[in-house]
Amino acid sequence: MKSLVIFTLALLTLVFKAEAQNPAPADSQKSSVLIMNATAHIGNGTVIPNSAIGFENGKLTLIADARLIRLDKNAYDHVIDAGGMHAYPGLIACNTILGLAEIDLVRATLDHREVGEMNPHIRSLIAYNTDSRLIPTVRNNGVMLAQVVPQGGRISGQSSVLMLDGWNWEDAAYKTDLGIHLNWPRMYVAQSGDADKEKEREENQRKKMTRDLEELKKFFDEARGYFLEKKPAEVNQRFEAMKGLFSGEKKLFVHCNYVKEIRAAAEFASTYRLKMVLVGGADSWRVTDFLKEKNIPVVITSTHALPGREDDDIDLPYRLPYLLKKAGVDFAISTDGSWQVRNLAFHAGTASAYGLTKEEALESISLSPAKILGIDALTGSLETGKDATLIISEGDILDMSTHKVVKAFIQGRELNLDDVQKQLNEKYLQKYGLEKAK
Amino acid sequence: MHRFMNKVCLVLFASFIWMNASRAQETFPENGTSDPRNAVYALVNAKVFADASLSIDSAVLLISKGKILDVGKNISIPGHALMIDMGGRHIYPSFIDLFSEYGLPEIKKEHRHDAGPQFLSSVKGAYGWNQAVRPEYNAHKHFSVDEKKAEELRKLGFGAVMSINRDGIVRGTSVLVCLGNDREHEMIIRDRAAANYSFHKGTSTQDYPSSLMGSIALLRQTYYDALWYKNGGYRKEYNISLDEFNKIQNLPQMFEAGDRQNILRASRIAGEFGVKYIIKGAGDEYRRADELKDSGLELVIPLNFPEAFDLSDPYDALNVSLEQMLHWEHAPANASRIEKSGIRFAFTLSDLKNKSDFMKNLRKAIEAGLSEQMALAALTEVPASMIGAQNEIGRLQKGMIANFMVCSRSLFEKDNVILENWVKGVRYKIHDTDLPDIRGNYSLRIGNDSLIRLRVSGEIIAPEFHYFQDTSFRKIQSSISGKVLNLVIQRKEQKQEKSIRLTAVLGSSAKQGLSGDALLPEGKWVKWTAQFDSSLSMIAPKDTSAKSVSRISEISYPNMSYGWKEKPKQIDVLFRNATVWTNEKEGILENADVYISQGRIVQVGQNLKMPAGATVIDASGKHLTSGIIDEHSHIAVSGSVNESTQSSSAEVRIGDVIDSDDIQIYRQLAGGVTSTHILHGSANAIGGQTQLIKLRWGQSAEKLKFENAPGFIKFALGENVKQSHWGDKQVVRFPQTRMGVEQVYVDYFTKAREYIESQKLQDKKVKHASQDPLRKDLELDAIAEILQSKRFITCHSYVQSEINMLMHVADNFGFKVNTFTHILEGYKVADKMKKHGVLGASSFSDWWAYKFEVYESIPHNGAILHRMGVNVAFNSDDAEMARRLNQEAAKAITYGGISREEAWKFVTLNPAIMLRVDQRVGSIKAGKDADLVLWSDDPLSVYARAIQTYVDGALYYDESLDLQLRGNIEKERARLTALMLEAKTKGEQTQKPVQKKQILKHCMDDEH
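Line by line, the protein sequences give chains F and Y.
In terms of the numbering used here, the first sequence is numbered consecutively and its last residue is 800.
In terms of the numbering used here, the second sequence is numbered consecutively and its last residue is 1138.
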């Protein structure tokens, strides 16, 4: 009877599979795990060729060179031999809309852009859809944590960091409402394309520039006034949301690319003594001294990008991480969007082809983003005491020709690496009688 | 001040026409006693420029009744002639502008707000189907004299213009007119002076065409339709537009093309139909002077030189491209370069924002090397002869229309003033030539005030007045009307500006001094006098900087960042010890040599003998592959990539609109791409004809084209075709569902089949004259070619149902679908595709979720198709991704477990096969084109960089050469920045930097 039940269950599972579902989230870590012999890339620049990595109760308890320590394998419930493979900290993606947007051109599936200009009270956290079919495909390429960011308007709202595994957003929440996102007003005049009204439109753009900057300043001034007031006569939800910025609990993520905007934004942030992160920063290499002096890190939004200007060096976006590294500016590499985030490791890989070392490239998608997001005490590198959030790949994870994640853990929970795309692949391999590829 | 004076003069002489302007009209009744005027005028003692190369000193110009009776030195002057002594002044033929809108009604664009599509012309009557084709328009029927505008033009030296209704692709006829104030009947020299064309649909409210390539296709079809109509089509239908089109073909043909690339496009059409265009350009012809020369066309060019950019903000300066800066530097030398290349050209006032800059810019062109003789010819005899009016205007000869101007000096001298402009024998004075010379230094006393210094300078005909106060000279407003002088002196009194108004009647010379009445600010009249003290010691130093022709940079190809001073040439190269990815049965060879010569791969092997004259490249540790071929791209296109207005636009051709100067070409070379297939977009079920190009950066559009590549056409299925994302207004065009898409195909292939049958019939009966001719239909031609396997489909496709459908349609009509592009659900019907005989599936490696129809796309797609025996490629459809297609190919390994060797073919050999050019490219094999890439690493690795890229054995990208080019950009920018800053300091007009749009095109791009 019991075996029959199991058989039925197995059948049910099969049926489910055919319907294309996300796998169930993993249960919390009950038994201890030891991973042996992997080349461990710590995330801070260090590499341990023959490593031993132990973790229990969701935390890393051992990171060592297996040849240099005496190990009691029996102390672990599970021992995984990862010889010839590579272990990495779980990758961290900044600046995504993962979980907020499912299908770009189907409006009903989009929740990343609220109406209104000044929306600091808007929170991405509660719209994060753990059941998005995109999420498993992203985490299967090594991304374990993502900063989910609302878009649009002048102030688009607050971002949170979520784990890419969980039953619901409460489960998945890692660090909530950590920053407020500001799209800096455009400070250049762009060609309108309408030859007849070119001059008029340029003039309008100039006026708008001034107005936008004034409005922004006014908003921040009043928000600060509200923050300083002991008991405001009327509650203002927007200003309530801004309090964390002035108290230093939250960071201000300023999105802009043009050098003039970068400077203006940084000056603006220091006027209010805010902790600023620059997102985008295509021109940031022109003002590295300034950024260092102001202690502003940069989230590079994509290395797989075209140069912004016709006259630019053709490899500028590939080389931007190296230029910042050389100048000593802190930075992380991200890739904006939703499904595209699965290519995060390759953006770092490209940066490595253009100047960064491989370990620096890895750091830019692990420990660096952890620092920028304020979660580096808990995650971002393979260090004891930190979360057991890590991945194992058969080959170099930065290179698409060798990248192959075979195991992934978030806080010690081993993830099911299935996804809808893999299911469809298998479904059709079966139809055609093809063997599963290695 | 000078401008102010001009204005004064203008007001003054508006009514200063010397002779009776409105003579009697032959056919018109007269009110009052008739007043015939047949006087003969003899302009004596002039330097007459009979034409651009012949000047006659102390000549006589004899005119009567609007015509030149005679001109020359020894001419008998009839006793009754009225003599006018020109006092040695210069007389030139008045200018001619062939590209004017003078005297025609203003063109108003009707805006159709909130309207759905308009498929047909909204013009009522038996006209053609397209509103932008208006050969029936006759400018002479709408022409009326505009005295104000005529006066402005006369002031600049113009005596006749050709007025064009600048509206539409076929614009009907233009009218050649004189710029006098007489009745229209007198002013029209030629009613139908030229037939006119352009690429702009103008005020047409009809949707088609929405793209440049659509405009070109429409014009081409119109030529064929008119031919059909002439040969018997008229028996089937009456069509005013086609009838008129035929009637205007014997006229001079004027084409407003636009920039250099559009000129070449227009000249190609001219070649196709055996017509000769006079082409109106945009002032950047210098950038492709050689190609223009080869096309044998004639040009009408503007003098619209850009203002320098205001680069005082170094950050904003970043937004000005080297291309824009170079154009600023080169534009004034445009005419000189065209002259040197031997192209016949005329000037036009058109495009010049400030018409008063005309002479200034003309002088700049001369300073930049244009000969004065050519400058004059390009404004007189050349435009006249271009439209066959060389016996009426443009020169001063017996029997010609008396259009000439009187100048104070030689025409192009800086201080020359056009004093008079005679149009059709009527004298229009621009300046009073009888004014005394009152220039000098004076002592001025107003009432009983103390003496102040007054200085009169400037030109005799436009004296400028200054008085000395405190420490400097202050300007005095002045005007002269007849002999009456008025001055307004602004004077500071007790910290307030007060005006004193002076008036005087001029004497005959400066020495007499000036005197008259003055009205003080408080309203009191007093006397004033100005005693002549001395002549001006020095009349402004005459242009000491003259002829310091600044050295301008050489033209590069293209004339922008990363342009070549010298276009790359084929070289012989021996690559030593490379890892060679042959894509042939030899597979990947270690330590192999490859020799290329004269654009071809000559030998592949080990330890090849060193050929004489070859460059040896040590490629040890490096990988050599054939160039990447991108099956799906939208770079290097001028205008929209979609002719999106109709469900079929099979007649449009991407090949008509290749933009040779797109920076993406160079950037992609650096990513190892050597050939790219430029597609029409996916806005309609049957899109346009595609163009395969090689990335020969620096060459003109025609030279980019992949020689003899088989023709392809873009088809599209799914959401884009049924307008799913076009907004709520666009729900009218058929089809709106996949069901309808099928029927579009069935319908067109049926029509094309019938068309082929009719063609066969036509060929048989060709001898029978009575047979109605078959109308050549460019749209059906293209579709018929598919049925005849002379043209191949690449079909934008996503979901399995529609892929299946198209293969069924093809089966029913007896052809194969060559390529499915995107094909993201190909994996679901891989077996059917294999069975149908699809030659290629050209996919994305891992894109999905950007719209509903790609929600079941998987990155394993390519691998499954490959394993099912379908030829698979990965393409970019994106200017960014195209730079790293090697990385995309590698994803077939990650997701599908494909071998490295096979994965590499996804972006090289496989696309070559599906594009049917694998005999030429796609692998490293003796005899194939030397399109090669040398990589720093395994090309499938993320760490690989292209070190060198060769196309046809010419080195088009090289890492170290690239560094040099970057250095040049920096140097050139610095040099031009300094020049622009200097221009600003000198007080030249400047423009503020504006960020140019980076135009990146995708399938779905559209112009609404």
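Derived by calculation from the structure, the hints in this document are not laboratory data.
The reader is advised that the hints may include incorrect statements.
[Stated by the list, open to error] With a cut-off of at most 30 Å between alpha-carbon atoms, the simulated DSSO-like pairs for lysine-lysine come out as follows:
no.: 1; chain 1: Y; residue 1: Lys239; chain 2: F; residue 2: Lys561
no.: 2; chain 1: Y; residue 1: Lys1114; chain 2: F; residue 2: Lys622
no.: 3; chain 1: Y; residue 1: Lys483; chain 2: Y; residue 2: Lys920
Verification of the hints:
Taking the CA atoms of Y/Lys239 and F/Lys561, the gap is near 20 Å; set against the 30 Å cutoff, the hint holds. Between Y/Lys1114 and F/Lys622 the alpha-carbon distance is near 23 Å, which keeps this suggested pair within the 30 Å criterion. Proposed proximity of Y/Lys483 and Y/Lys920 is contradicted: the alpha carbons are some 49 Å apart, above 30 Å.
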